[in-house]
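Asker: Chain by chain, the residues run as shown.
2 protein chains.
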Amino acid sequence: MLKFQIKNKEENARRGTLSTAHGDVQTPAFMPVGTAGTVKAMLPQSVKATGAEILLGNTYHLMLRPTAERVASFGGLHKFMNWDGPILTDSGGFQVMSLSSLRSITEEGVTFQSHINGAKHVLTPERSMEIQHLLDSNITMAFDECVKFPAPYETVKKSMERSMRWAKRSKDAFIDKEGYGLFGIMQGGMHQDLRMQSIKALTDIGFDGYAIGGLAVGEGQEIMFSVLDYAAPALPEDKPRYLMGVGRPSDIIGSVKRGVDMFDCVMPSRSGRTGQAFTSHGVLNIHNACHRDSHLPLDSACDCPCCTQYTRGYMHHLFKAGEILGCMLLTWHNIRFYQQLMQQIRTAIEENRFEQLHNDFMSTYKNDKKM
Amino acid sequence: MLKFQIKNKEENARRGTLSTAHGDVQTPAFMPVGTAGTVKAMLPQSVKATGAEILLGNTYHLMLRPTAERVASFGGLHKFMNWDGPILTDSGGFQVMSLSSLRSITEEGVTFQSHINGAKHVLTPERSMEIQHLLDSNITMAFDECVKFPAPYETVKKSMERSMRWAKRSKDAFIDKEGYGLFGIMQGGMHQDLRMQSIKALTDIGFDGYAIGGLAVGEGQEIMFSVLDYAAPALPEDKPRYLMGVGRPSDIIGSVKRGVDMFDCVMPSRSGRTGQAFTSHGVLNIHNACHRDSHLPLDSACDCPCCTQYTRGYMHHLFKAGEILGCMLLTWHNIRFYQQLMQQIRTAIEENRFEQLHNDFMSTYKNDKKM
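Protein chains in written order, with our numbering: chain A, 1099 to 1469; chain B, 1099 to 1469.
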């Protein structure tokens, strides 16, 4: 059971608080991704210092290494990785499809080979619930299947229907307790009728929150928004809504406008390691020679250690020299940028001026669509 | 001009303070290596938190990238890399020989090709002084030549004599100012007569400090100590003595016993990235499967974030998964271990019980010679 309170709304945008056994999460919220028990190149204290209140952990990675049983023997993922705030784990379903090899999918579940050592594993709704329980995840995700985009209508329909049966098995296997919850995942591709059938199936089962799956799979922002236009408001009003794997700053602000409360994406952390910086003026590639002699901070509007203590010239040098400190500082900055954006969004909704923030952002923020 | 005050001595071991324009350094001191303008995988604040008071920067790396002129345009190396404490830079001589290709050495200097892009560069005593001045180095090292070990007596003699002529040219080119100084470098291989001739040549020129070069080049600890036995005490009593590129904990404690005040080595930082941990019980390889399920800290005697907040099991996981956080935490620990060792050494000399510390350490510290 998870408590979710909506403080106020502005049109479809919602300002809320999700309460877990490990603390509250102010929504709309962005969750940095801590794939294998660490947000790459960041100390947990630094992640907290960015303003992040909740992390995402990947069931697929953790079940393979160090294994869920081992994490449990260390007292769960919070203790293992030294993060005392809330944690959401995905179900493993999406990454089994994108990372492992030799998959066979039956009604029972998915059999696959580890991308690490080739070992054979089976993931079912029941096993996914067990793993996420062993990890001590505050928010467990139902086990689902996500088809490739584009796919024929019948394929999407069959897959969605199987995901709904798996959602029911997930609910049945989930061990409920105070401050812990289970989210169902809507599927149905880009088809309104399938999305609506999926919502009906999920709400009949009943979950602590509802995720929107099968988006940000290559369909583009316009199509994604068009699905959210009908799918997000159709979800239960009193439960948190989570758009999985999204996204760029403009994706997030546009999705909040359509009623989404939670997001996760590797983009700020991955970009931090490849030299792409999110700034208040748009996206900047620190490898570019134009930064070599620049005494400017990455983003003069940012209060992170990277922007207050280092120049673009120094950051350019670190990336050219392949120095780990470059990844450390730029990851910190990017996650801080995302958290600052979420704070601006939350404050704007509270003050009933989110529409203005949205419009200003969409008209001034440059080139994040290139990423 | 640099001020060096010896607080007290116990036999040949010395407890001193070296004062620079960027602050004091308590000796015996260990300098973490910040090769290319960063101690790899560490924020400067974290380096300071380990107790380190002075860093070493590499002239060879910095002259190639980002270039000394560019560092100067950013206000010098302290400002460029956000380290406000003292910095010592090497002369570039040693690394030109070990890292670059197509070298030709004449009386004038060394012509070489960059290991980064193959560009041709010339390094002379005068150019080395200019580069270190541009970097704003508090302690500039004289430009010298270091022959491979072993080498014939005549080769070592000729090289030492050239290094002494280069030392004079370095002194003549050095721009002296308050809180900045120049160290001469003793050469002469494993030959007592050459070492003594080198000391005579250097002291005739006169330096702010004296480095012992040409050791830790593969001769082994026993031979190194036998050279230090006569060479260290023969250096001027009132100036700091710096043993370059050393070393393992047992090398350091044995060299302090023989009168050395300063050390630098990549060992703690490089080992931090490869999974070797220095602990109060000896060296530990975190990759070993025996650590997989260990709830113990790396070193229960250590107060660093790695040891107080994480288990060996978690550290093992990070290294197996190739996570940057593993390098960050283990580098921090190793540098803290070295700084704790230096603090113990300094306190022991002050309390006239260094001999006891030395003997206890040499009889109990395990396997650092394997590294």
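Bear in mind the hints are in silico, worked out from the structure with no lab data behind them. If you're wondering where the values come from, they're calculated on a predicted model, not measured in any experiment. Please note that a few of the clues may not be correct.
Identical chains share a label here; the pair holds if one copy fits it or two copies do between them.
[Claimed, not checked] Straight-line Cα separation of at most 25 angstroms, DSS-like style, residue types lysine-lysine; simulated pairs:
hint	residue 1	residue 2
1	K1101	K1256
2	K1218	K1418
3	K1255	K1177
4	K1266	K1105
5	K1177	K1275
6	K1269	K1255
7	K1105	K1255
8	K1177	K1418
9	K1107	K1256
10	K1218	K1107
11	K1105	K1418
12	K1418	K1266
Asker: Take the hints in turn and mark each one as holding or not.
Answerer: Each hint, compared with the structure:
Taking the shortest Cα distances, K1101 and K1256 never come within 25 angstroms of each other, neither inside one copy (33 angstroms) nor across copies (80 angstroms). Within a single copy, K1218 and K1418 get their C-alpha atoms only as close as 40 angstroms, which misses the 25 angstroms cut-off; across copies the closest is 19 angstroms, which meets it. Taking the shortest Cα distances, K1255 and K1177 never come within 25 angstroms of each other, neither inside one copy (41 angstroms) nor across copies (60 angstroms). Proximity of K1266 to K1105 under the C-alpha cut-off of 25 angstroms is found in neither arrangement, the shortest distances being 30 angstroms within a copy and 75 angstroms between copies.
For the homomeric pair K1177 and K1275, the shortest alpha-carbon distance inside one copy (19 angstroms) is at most 25 angstroms, but the shortest distance between copies (53 angstroms) is not. In this assembly of identical chains, K1269 and K1255 lie within 25 angstroms of each other by CA distance solely inside one copy; the values are 21 angstroms within and 81 angstroms between copies. Taking the shortest Cα distances, K1105 and K1255 never come within 25 angstroms of each other, neither inside one copy (36 angstroms) nor across copies (82 angstroms). In this assembly of identical chains, K1177 and K1418 lie within 25 angstroms of each other by CA distance solely across copies; the values are 19 angstroms between and 36 angstroms within a copy.
With identical chains, the CA atoms of K1107 and K1256 are never at most 25 angstroms apart, being 36 angstroms at best within one copy and 83 angstroms at best between copies. Proximity of K1218 and K1107 under a CA criterion of 25 angstroms is satisfied in neither setting, with 47 angstroms inside one chain copy and 65 angstroms between copies. Taking the shortest Cα distances, K1105 and K1418 never come within 25 angstroms of each other, neither inside one copy (46 angstroms) nor across copies (44 angstroms). Taking CA atoms no more than 25 angstroms apart as the test, K1418 paired with K1266 passes in neither setting, with 51 angstroms inside one copy and 36 angstroms between copies.
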